[in-house]
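Those sequence lines, one after another, are chains A and B.
Counting from 1, one number per residue, gives the positions in the first sequence under full-length UniProt numbering.
Counting from 1, one number per residue, gives the positions in the second sequence under full-length UniProt numbering.
Treat the hints as calculated values from the structure; they're not laboratory data.
Where a beta carbon is used, it is the ideal one built from N, C-alpha and C, also for glycine.
Misleading hints may appear alongside valid ones.
What the hints assert, rightly or not - Below, simulated PhoX-like cross-link-like pairs (lysine-lysine); rule was C-alpha separation at most 25 angstroms, straight line: (1) Lys106(B) <-> Lys3(B); (2) Lys111(B) <-> Lys212(A); (3) Lys3(B) <-> Lys218(B); (4) Lys218(B) <-> Lys197(A); (5) Lys106(B) <-> Lys212(A); (6) Lys218(B) <-> Lys106(B); (7) Lys246(A) <-> Lys212(A); (8) Lys3(B) <-> Lys197(A); (9) Lys197(A) <-> Lys212(A).
To be verified - Computed far set for chain B versus chain A, every beta-carbon distance over 12 angstroms: (10) Arg7; (11) Gly8; (12) Ser63; (13) Gly75.
Here's the letter readout for the chains.
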Amino acid sequence: MADNQGTALAPVEEFPGDVHWYDLPDDDADPEEADEPSDTRFRRILRKTRSLLGRSAAVALLLAIWEILPRTGIVDRVFLPPLSEVVGAGYDLIVSGELGEHVGASLGRSLAGFVLAIVTVIPLGLLIGWYQPVADFLTPLLELFRNTSAVALLPVFTLILGLGETAKITFVLYACAWPILLNTISGVKTVDPLLIKSARSMGLGPLRLFQKVILPAAVPTIFTGIRLAGAYSILVLLFAEMVGAKAGLGYLINAAQFNFRIPDMYAGILTISLLGLLFNQLLVTLERRFSTWRTT
Amino acid sequence: MNKITIRGVGKTFRVRGEGRPFAALSGIDLDVRAGEFLTLVGPSGCGKSTLLDLIAGLTAPTSGTLHLDGRPINGPGLDRGVVFQQYALFPWRTALGNIEFGLEAKAVPGKERAERARHFLELVGLGGFADRYPHELSGGMRQRVAIARSLAFDPEVLLMDEPFAALDAQTRESLQEELLSIWEKTGKTIVFITHGIDEAVYLGQRVAIMTSRPGRIKQIIDVAFDSRAGDLRAEPRFGEYRHHIWTLLRDEVAAARRDEVLSVG
Ligand SMILES: Nc1ncnc2c1ncn2[C@@H]1O[C@H](COP(=O)(O)OP(=O)(O)O)[C@@H](O)[C@H]1O
Ligand SMILES: [Mg+2]
Numbered sequence: 001m002a003d004n005q006g007t008a009l010a011p012v013e014e015f016p017g018d019v020h021w022y023d024l025p026d027d028d029a030d031p032e033e034a035d036e037p038s039d040t041r042f043r044r045i046l047r048k049t050r051s052l053l054g055r056s057a058a059v060a061l062l063l064a065i066w067e068i069l070p071r072t073g074i075v076d077r078v079f080l081p082p083l084s085e086v087v088g089a090g091y092d093l094i095v096s097g098e099l100g101e102h103v104g105a106s107l108g109r110s111l112a113g114f115v116l117a118i119v120t121v122i123p124l125g126l127l128i129g130w131y132q133p134v135a136d137f138l139t140p141l142l143e144l145f146r147n148t149s150a151v152a153l154l155p156v157f158t159l160i161l162g163l164g165e166t167a168k169i170t171f172v173l174y175a176c177a178w179p180i181l182l183n184t185i186s187g188v189k190t191v192d193p194l195l196i197k198s199a200r201s202m203g204l205g206p207l208r209l210f211q212k213v214i215l216p217a218a219v220p221t222i223f224t225g226i227r228l229a230g231a232y233s234i235l236v237l238l239f240a241e242m243v244g245a246k247a248g249l250g251y252l253i254n255a256a257q258f259n260f261r262i263p264d265m266y267a268g269i270l271t272i273s274l275l276g277l278l279f280n281q282l283l284v285t286l287e288r289r290f291s292t293w294r295t296t
Numbered sequence: 001m002n003k004i005t006i007r008g009v010g011k012t013f014r015v016r017g018e019g020r021p022f023a024a025l026s027g028i029d030l031d032v033r034a035g036e037f038l039t040l041v042g043p044s045g046c047g048k049s050t051l052l053d054l055i056a057g058l059t060a061p062t063s064g065t066l067h068l069d070g071r072p073i074n075g076p077g078l079d080r081g082v083v084f085q086q087y088a089l090f091p092w093r094t095a096l097g098n099i100e101f102g103l104e105a106k107a108v109p110g111k112e113r114a115e116r117a118r119h120f121l122e123l124v125g126l127g128g129f130a131d132r133y134p135h136e137l138s139g140g141m142r143q144r145v146a147i148a149r150s151l152a153f154d155p156e157v158l159l160m161d162e163p164f165a166a167l168d169a170q171t172r173e174s175l176q177e178e179l180l181s182i183w184e185k186t187g188k189t190i191v192f193i194t195h196g197i198d199e200a201v202y203l204g205q206r207v208a209i210m211t212s213r214p215g216r217i218k219q220i221i222d223v224a225f226d227s228r229a230g231d232l233r234a235e236p237r238f239g240e241y242r243h244h245i246w247t248l249l250r251d252e253v254a255a256a257r258r259d260e261v262l263s264v265g
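Isolated chain A (complex conformation) (with noise of 0.2 angstroms):
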């Protein structure tokens, strides 16, 4: 044995593997690292700048009107500011910090939500994935859970869980668990069979074919799942704060309709829709990290 790798290891003097102009790879295989020539490259930081603009003008359009029409007094001031009143009212809430206490509480809750998610839900989208026995036993409940809107459930956590931090984390928890279970089951259950078979002929055993193929495969499908996840901490945890909350954004945009400070009520809806944004855009970064080597 030690004899034979002796000898296939033995250096080659002509290697019999020129590359020839046939099987070199497609030109559009990989369109981003070719170099370029100086001049291509500032037409090309034109052309973003450009396509940046072409997508912020929708934004750009939607915010004018917004200023404009209640200027103009087509729609009534009280119940749509200008969005020059809002950005005021959004300042003097950052000036005085109450901004930064209601995003800090409501961050918490959704990153703590999130977070439990992400620890507690691959491990077991893995097992059910991998264990036909275990698939078979869960999926039935899973599905009934599946149908069942984690907003009409809210109620039921407040009742068994009170009004505390407990029950609108578990709540966040609960939201955030399903992207991620259901993308970490397919994940798994999609990884090419060939790929199996490759690493199975060359001897690898039950566990080892988990860590070093179906894990690393399934890597990009439960990303997925991480992002939508995280999409939903914090759209549904609004709802949680508005019931019985005492913090965060979701109670201060109920807070300020109730007691009729409609700018600052829309500064709430601006910050959150801001924060929704920025949290996707981070993920969908991680994500692209993670899955360079998917081509799809």
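Assemble chain B with the ligands onto chain A, guided by the hints.
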């Protein structure tokens, strides 16, 4: 000296919703000599891949026995390397990482692993492509990486299932030549499945022809040329071998067609 001995091997599959089992192979007898290049041709669906899976130890035969170096085959192992038509590279690993995969399975220590992977990448002419991911490589390059991966853990037997079928003609011919040269250098035993008669004659020292399903070995033909210099495919001998194998296969392909029509109708 025989490397692989196959005696009376049959394989049946249970097909869902059908009462009687489905016979893919029956009564296969085949000896593969140590260090030889054996090509295997047969009509599509005759059980070639099934036979390769059995030799690889990925499945167990329903009847009969398979031996490797006199020991019964009862599972996959690093003494055999499999190369698939669809490359089966791990898309999240670079070319180098893919070659290292088998070395990790063999528990080769880290530093040696990288060196060895690099050596085999160079052997297949892809020294400059170590950090490319499979999707950044052409089909021919991917198959080269797959071959390098199988060579790197140094199996004694290379099992290849139509490895060049998905490549264009020019890439295929250059890979055929490379494979022959690697075989001459390393002295591996190669079992090579193909549905191309030309490919079978060009590569094989012996060509085994299978019957239509359930597959058996119909005949084994020794292929020998006085000289391999020049355009082998233009030699009269080459044409004779090809015609002979074509005649043998024609009846089987016709039988396979009939079988298909019957099972559909
Ligand atoms: N796992 C399986 N279950 C049921 N039938 C199978 C299975 N694998 C192969 N077969 C059948 O066995 C026959 C031989 O298949 P295969 O070995 O792939 O043929 P070939 O490689 O010669 O084209 C085919 O009819 C195929 O449908
Ligand atoms: Mg096949």
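Against the structure, the hints:
no., hint, in the structure
1, Lys106(B) <-> Lys3(B), "holds, 22 angstroms"
2, Lys111(B) <-> Lys212(A), "holds, 19 angstroms"
3, Lys3(B) <-> Lys218(B), "holds, 21 angstroms"
4, Lys218(B) <-> Lys197(A), "violated, 29 angstroms"
5, Lys106(B) <-> Lys212(A), "holds, 14 angstroms"
6, Lys218(B) <-> Lys106(B), "violated, 37 angstroms"
7, Lys246(A) <-> Lys212(A), "violated, 48 angstroms"
8, Lys3(B) <-> Lys197(A), "holds, 23 angstroms"
9, Lys197(A) <-> Lys212(A), "holds, 13 angstroms"
10, Arg7, "holds, 23 angstroms"
11, Gly8, "holds, 24 angstroms"
12, Ser63, "holds, 23 angstroms"
13, Gly75, "violated, 8 angstroms"
In this structure, the hints that do not hold are numbers 4, 6, 7 and 13, in rising order.
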